[in-house]
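From first to last, the protein sequence lines stand for chains Y and R.
In terms of our numbering, the first sequence opens at residue 2 and continues consecutively.
In terms of our numbering, the second sequence opens at residue 1421 and continues consecutively.
Incorrect hints may appear among the rest.
As the list claims (entries may be wrong) - Computed, partial: chain R to chain Y, Cβ under 10 Å: (1) 1430; (2) 1523; (3) 1525; (4) 1527; (5) 1531; (6) 1539; (7) 1541; (8) 1661; (9) 1676; (10) 1680; (11) 1705; (12) 1707.
Unchecked claim - The list that follows gives simulated cross-link-like pairs (lysine-lysine, DSBU-like), each with its CA atoms no further than 30 Å apart: (13) R:1716 with Y:189; (14) Y:88 with R:1620; (15) Y:189 with Y:164; (16) R:1716 with R:1620; (17) Y:164 with Y:59; (18) R:1735 with Y:88; (19) Y:297 with R:1620; (20) R:1620 with R:1462; (21) R:1716 with R:1422.
Please keep in mind that the hints were generated in silico from the structure rather than gathered at the bench.
Yeah, the Cβ is synthetic: ideal placement off N, Cα and C, and Gly gets one too.
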Amino acid sequence: MTTQLALSQILNGLQLGVLLFLLAAGLTLVFGIMSFVNLAHGSLFMLGAYFGAAAFAKTDSFLVGVFAAVVGAGAVGLLLDRFALTKLYERDHLDQVLATFGLILFFNELIRIIWGPGSIFMQVPDALSQTVNMFGISYPSYRIAIIGVGLLVALGLYLLIQKTRVGMLIRAGATHPAMVASLGVNIKWLNTLVFALGAALAGLAGVMAGPIISVQPGMGEPVLILTLVVIIIGGLGSIRGAFYAALIVGVVDTLGRAFMPTIMRGIFERNTADAAGPALASMLIYLLMAAVLALKPQGLFPTSAGAVR
Amino acid sequence: MKLFPAAIDWRAPRTLVAVFVLITLLLLPLLMTGDSGSFYVKFITRVMIYALAAIGLNFILGFGGMVSLGHAMYVMLGAYAVAIPAQHGIVSGWAHLGIALVATAVLAAVIGAVALRTTGIAFIMITLAFAQMLFFGAVSLKDYGGDDGLTLAARSDFALFDLSSNGSLYYVTLFCVVLALYLSWRAVLSPFGLVLRGSKSNTRRAAALGHPVFRYQLVAYVASALACAVAGVLLANLTQFASPAYGAWTLSGELIVIVILGGLGTVFGPLIGAILLLSLEEILPMLVELTLPDYKSNWMLLLGAFIFIIALVLKRGVFGSLSASSATHRKGDKQ
């Protein structure tokens, strides 16, 4: 029984982990290449969920919902980059934090105006509404699908960055932007492409998460902060680091919430344990981050100045 | 020891504005009577509390170049240092203040020691993460109200003076703000402040000159956290309430907005910034209600756009744009 519970919790952790990876990949790429801090990344996640939920409700097709979320969030990212954020790339991190903080408030209210302040319901697509039996436990197939999609995206990103010409330009543009530009590559469009790609991945994460968390204004912030923890643990600018850190954070957070109260009960008396257990569980990943930074200030997979790996 | 650390140019625009604002704050409660007056006294007390926290933040942000996106956690800590002892029957204000200062100093020293191992963007994010950790810690304190927070039966009892009237709380807060302004002015111009400012413009060079930069930064970080903790003590007394919401990361963001709006790296800027931002947060909903009543609850849209534009166009802040010297041709720099 306990092993089965542990197994399903580990799967839950992996599922949270791949969602975090979808967000962290875009954020860490944008940071690695443009040295840009985008706090509004969580808003793109939220927009993706809303676009997806709206399109799904209209057409009854989950695939159309996913398409709408990815394209919609990507398009918003593209417009943001071209018309609002370009000026900020040259500025220091403080201005970037402030501007994107303003964008968060803006997008949250915009969503409230369009879709109302309450949460909207998004159902699990029919084809994935069953559970599957594996390793002696029954587990929702939708969550399995999330893990699968996340791993596929991770593989795709690896191939894109390491094996294609565009990926080569992205890597080169991160370390030597002036050199790449002087070789005739439009570095601005390259940056826009990366930003839009990150936004589209955030949108994908939003629509995939839609059926299992509540779609509501402000849903991006808690996820954003978890994502920030992920990219710090992984090492800023490192996609590989983001991947491992996302899985670690997802699993540690989920297992902590599931088992920490029980573990605490074994050590302390019931009253203390009941009070401290949930507190410690929700602090666990931050303690993990503090420990990682105390040992490796650059994160688990440090990148040399601006390099993308 | 001289009273003022630097000669004051009394006819400089910055000095005039600063003196005008302080005198206005000193006299304002005398003009505000009746029910609406009591509302405004409480409102301006809140403005000054935010200013106090922002003065603390500005000390490391404006002068030390450390962008902390987690300073609201110390405000929350200060508020809980009032509310939790009060729950257990300890009503002495001096005890509350002592607990707030000691707890904050210890916590800030630990968090600062870890966070200052990183710089730049990682520092921003690690301070944010620590603030979230404390926030969730407070949410899970079921014995102390959890998510809903704690209500105070009465304000802190300081024995020497009585906080129960809004007017006295106003003047205590004003005193704290003036004290913080004076201390940060002195500190910035002291040898300590010189090293701190030097480490902002070039950390490596400051270290190469033999200054233990990390220690200076840590001391500055703890000092700035203490100012926020005092703000938290005052805030809990003003609202007679403490909740995790005081440590929400949006409040940390607002504190940064206040510092930038007022003028990064000016001693007096945070007070101006707090007055402007909090007034705006009162005026915007009214304006929206007058023009588009259907959307009156969505005024934050405008605030968000406003903050975005501030970040894009406002380089030196409102107070920072004023000249620090009465001579128009000379470019002075009163810190």
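Take a quick look at whether residue 164 of chain Y and residue 59 of chain Y sit within 30 Å of each other, Cα to Cα.
Violated - the C-alpha atoms of residue 59 of chain Y and residue 164 of chain Y are around 39 Å apart, more than 30 Å.
Please check whether residue 1523 of chain R passes as an interface residue: C-beta within 10 Å of a C-beta belonging to chain Y.
violated, 16 Å
Does the closest beta carbon of chain Y sit nearer than 10 Å to the beta carbon of residue 1707 of chain R?
Violated - the Cβ of residue 1707 of chain R stays beyond 10 Å from chain Y, reaching only about 15 Å at its closest.
For the hint on residue 1525 of chain R, just tell me whether its beta-carbon gets within less than 10 Å of chain Y.
violated, 19 Å
When the nearest CB of chain Y is found for residue 1539 of chain R, is that gap smaller than 10 Å?
holds, 9 Å
With chain Y as the partner, please determine if residue 1531 of chain R meets the hint condition of a C-beta pair closer than 10 Å.
Nearest chain Y Cβ about 8 Å off; hint holds.
Does the interface hint hold: is residue 1676 of chain R within less than 10 Å of chain Y, judged Cβ to Cβ?
With a minimum Cβ separation of about 6 Å from chain Y (threshold 10 Å), the hint on residue 1676 of chain R holds.
Any CB of chain Y closer than 10 Å to the CB of residue 1680 of chain R?
Residue 1680 of chain R check passes; min Cβ-Cβ to chain Y is 6 Å, inside 10 Å.
Chain Y contact restraint on residue 1527 of chain R - CB to CB distance below 10 Å:
Not OK, violated: residue 1527 of chain R not within 10 Å of chain Y, min 13 Å.
Are the Cα positions of residue 297 of chain Y and residue 1620 of chain R separated by 30 Å at most?
holds, 23 Å
Decide if the proposed pair is consistent with the structure: residue 1716 of chain R and residue 1620 of chain R, CA atoms, cutoff 30 Å inclusive.
violated, 42 Å
Given the proposed pairing of residue 1716 of chain R with residue 1422 of chain R, does the C-alpha separation stay at or below 30 Å?
Not OK: residue 1716 of chain R and residue 1422 of chain R at ~52 Å, beyond 30 Å, violated.
In this structure, the earlier hints numbered 1, 2, 3, 4, 8, 11, 12, 13, 16, 17, 20 and 21 are contradicted, and the remaining ones agree with it.
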